[in-house]
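K.L.:
Using the sequences and the hints, build the whole thing.
Top to bottom, those sequences are chains A and B.
First residue of the first sequence: 1, per this note's numbering; consecutive thereafter.
First residue of the second sequence: 114, per this note's numbering; consecutive thereafter.
Everything labelled a hint here was simulated from the structure, so no lab data went into it.
Quick caveat: nothing in here was measured; it's all calculated off a predicted structure.
Please note: incorrect hints may appear among the correct ones.
Quick look at which bits of chain B chain A covers, simulated, 3 or more residues with Cβ under 8 Å [said to hold, decoys possible]:
1. 139–151
2. 173–185
3. 213–224
Simulated pairs of lysine-lysine, BS3-like, Cα-Cα distance not exceeding 30 Å [claimed, not checked]:
4. K57/A / K14/A
5. K11/A / K155/B
6. K57/A / K71/A
7. K71/A / K11/A
8. K155/B / K71/A
9. K155/B / K14/A
10. K57/A / K11/A
11. K155/B / K114/B
12. K57/A / K181/B
13. K57/A / K114/B
14. K155/B / K57/A
15. K181/B / K114/B
What follows is a set of in silico ranges between Cβ atoms, one per label pair, in the way DEER data are often shown [said to hold, decoys possible]:
16. A192/B / E78/A: 44 to 52 Å
17. P127/B / I12/A: 36 to 44 Å
18. N210/B / K71/A: 36 to 44 Å
19. L132/B / S62/A: 38 to 46 Å
20. R81/A / G208/B: 30 to 38 Å
21. I223/B / E28/A: 37 to 45 Å
22. K14/A / P224/B: 40 to 48 Å
23. N131/B / Q80/A: 48 to 56 Å
24. L39/A / A191/B: 28 to 36 Å
25. E52/A / A142/B: 27 to 35 Å
26. T76/A / T158/B: 39 to 47 Å
27. E68/A / Q164/B: 27 to 35 Å
28. T171/B / R9/A: 31 to 39 Å
29. Q54/A / Y189/B: 32 to 40 Å
All residues carry an ideal CB built from backbone N, CA and C; glycine is no exception.
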Amino acid sequence: DTGVSQDPRHKITKRGQNVTFRCDPISEHNRLYWYRQTLGQGPEFLTYFQNEAQLEKSRLLSDRFSAERPKGSFSTLEIQRTEQGDSAMYLCASSLSGDNGYTFGSGTRLTVV
Amino acid sequence: KQEVTQIPAALSVPEGENLVLNCSFTDSAIYNLQWFRQDPGKGLTSLLLIQSSQREQTSGRLNASLDKSSGRSTLYIAASQPGDSATYLCAVEGGANNLFFGTGTRLTVIP
Numbered sequence: 001d002t003g004v005s006q007d008p009r010h011k012i013t014k015r016g017q018n019v020t021f022r023c024d025p026i027s028e029h030n031r032l033y034w035y036r037q038t039l040g041q042g043p044e045f046l047t048y049f050q051n052e053a054q055l056e057k058s059r060l061l062s063d064r065f066s067a068e069r070p071k072g073s074f075s076t077l078e079i080q081r082t083e084q085g086d087s088a089m090y091l092c093a094s095s096l097s098g099d100n101g102y103t104f105g106s107g108t109r110l111t112v113v
Numbered sequence: 114k115q116e117v118t119q120i121p122a123a124l125s126v127p128e129g130e131n132l133v134l135n136c137s138f139t140d141s142a143i144y145n146l147q148w149f150r151q152d153p154g155k156g157l158t159s160l161l162l163i164q165s166s167q168r169e170q171t172s173g174r175l176n177a178s179l180d181k182s183s184g185r186s187t188l189y190i191a192a193s194q195p196g197d198s199a200t201y202l203c204a205v206e207g208g209a210n211n212l213f214f215g216t217g218t219r220l221t222v223i224p
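P.N.:
As structure tokens, then:
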């Protein structure tokens with residue numbers, strides 16, 4: 001297992017377009033998280049899955065954002081009608097229940113022009 | 114809401130120095146605290162995880178301590194090297210199944 005994988009690494013899109021990111025967690029990890037990080041800030045929580053169930057969503061996750069984790073494996077994060085304020089690094093993390101810490105992926109950097 | 118503060122925001126030291134990074138948090142009811150390293154434009158690399166029942170963890174030249182009652186953690190880096198240059202992030206996990214991060218300390222080690 002090579003850790004948490006995210007695809008793509010970089011995405012440039014025009015304002016108003018839809019984008020989708022993918023995260024493949026560590027295979028035995030049942031928890032998956034999405035975070036967003038803007039320049040000079042720490043990551044901020046967006047949403048959390050336990051297996052296939054989305055258990056928590058931050059207020060940062062507006063109606064334009066949707067996340068799925070079908071079959072409790074990989075996850076996708078879709079942003080509809082992108083805005084310039086959506087430009088950020090989107091980080092995925094996974095963990096195994098039981099306080100073993102989080103493993104983060106390399107992130108997807110989104111630039112909305 | 115949990116607030117995490119990291120001091121200093123930036124630090125520049127000559128190679129070989131020992132240094133301490135500080136992290137404080139407002140709600141002491143945490144499950145664990147994790148220190149991460151982030152290189153520019155990259156994801157987060159986990160350095161040390163301290164469970165709430167533990168006082169410290171060590172890995173190589175790194176040592177992290179946790180004082181839950183006072184809401185503080187320190188990351189000690191011994192004999193710093195230019196390759197240690199990065200942003201160091203502190204994060205605490207409370208009961209909300211997510212991590213609260215500080216804004217990080219940007220470390221530069223000068224050869």
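K.L.:
Against each hint, give a clear statement of whether it holds in the structure.
P.N.:
Now for the hints, and whether the structure bears them out:
Closer than 8 Å: that is the beta-carbon criterion, and the segment 139–151 of chain B has 4 residues meeting it against chain A, so the requirement of 3 holds. Counting residues of the segment 173–185 of chain B whose beta carbon lies closer than 8 Å to any beta carbon of chain A gives 0, which falls below the threshold of three, so the coverage claim is violated. Coverage of the segment 213–224 of chain B by chain A holds in this model, with 5 residues showing a Cβ closer than 8 Å to a Cβ of that chain against a need of three. Restraint check for K57/A and K14/A: the C-alpha separation of about 26 Å stays at or below 30 Å, so the hint holds.
Proposed proximity of K11/A and K155/B is supported: the alpha carbons are some 14 Å apart, at most 30 Å. With a C-alpha separation of about 19 Å, the suggested pairing of K57/A with K71/A holds against the 30 Å cut-off. Between K71/A and K11/A the alpha-carbon distance is near 26 Å, which keeps this suggested pair within the 30 Å criterion. For the hint pairing K155/B with K71/A, the CA-to-CA distance comes to about 28 Å; that is within 30 Å, so the pair holds.
The suggested pairing of K155/B with K14/A holds, with an alpha-carbon distance near 23 Å, which does not exceed 30 Å. Only pairs whose Cα atoms come within 30 Å are accepted, and K57/A paired with K11/A is accepted, the gap being roughly 23 Å. About 27 Å separates the Cα atoms of K155/B and K114/B, which keeps this hinted pair within 30 Å; it holds. Of the pairs offered as hints, the one joining K57/A and K181/B holds, with about 27 Å between alpha carbons and a cut-off of 30 Å not exceeded.
For the proposed pair K57/A and K114/B, the alpha carbon gap of about 15 Å is at most 30 Å, so the pair holds. As the CA atoms of K155/B and K57/A are separated by approximately 24 Å, the hinted pair is consistent with the 30 Å bound. Restraint check: the Cα-Cα separation between K181/B and K114/B comes to about 16 Å, which is no more than 30 Å; the hinted pair holds. For the pair A192/B and E78/A, the supplied restraint of 44 to 52 Å holds, since their beta-carbon distance comes to about 46 Å.
Taken as a hint, the range 36 to 44 Å holds for the pair P127/B and I12/A, whose Cβ atoms sit roughly 39 Å apart. Separation of N210/B from K71/A is about 20 Å and departs from the stated range, judged on CB atoms against 36 to 44 Å. For the pair L132/B and S62/A, the supplied restraint of 38 to 46 Å holds, since their beta-carbon distance comes to about 40 Å. As the Cβ distance of R81/A to G208/B is approximately 34 Å, the hint placing it in 30 to 38 Å holds.
For I223/B and E28/A, the hinted distance range of 37 to 45 Å is satisfied, since their beta carbons lie about 42 Å from each other. Distance hint check for K14/A and P224/B: the Cβ-Cβ separation is about 43 Å, which falls inside the suggested range of 40 to 48 Å. Range check, N131/B to Q80/A: about 50 Å between beta-carbon atoms, so the 48 to 56 Å window is met. Between L39/A and A191/B, the C-beta spacing of about 30 Å keeps the proposed range 28 to 36 Å intact.
Between E52/A and A142/B the beta carbon distance is about 29 Å. The supplied range of 27 to 35 Å therefore holds. The given range of 39 to 47 Å is broken by T76/A and T158/B, whose C-beta atoms sit roughly 24 Å from each other. Hint check: E68/A to Q164/B, Cβ distance near 32 Å, so the stated range 27 to 35 Å holds. Hint check: T171/B to R9/A, Cβ distance near 33 Å, so the stated range 31 to 39 Å holds.
Separation of Q54/A from Y189/B is about 39 Å and conforms to the stated range, judged on CB atoms against 32 to 40 Å.
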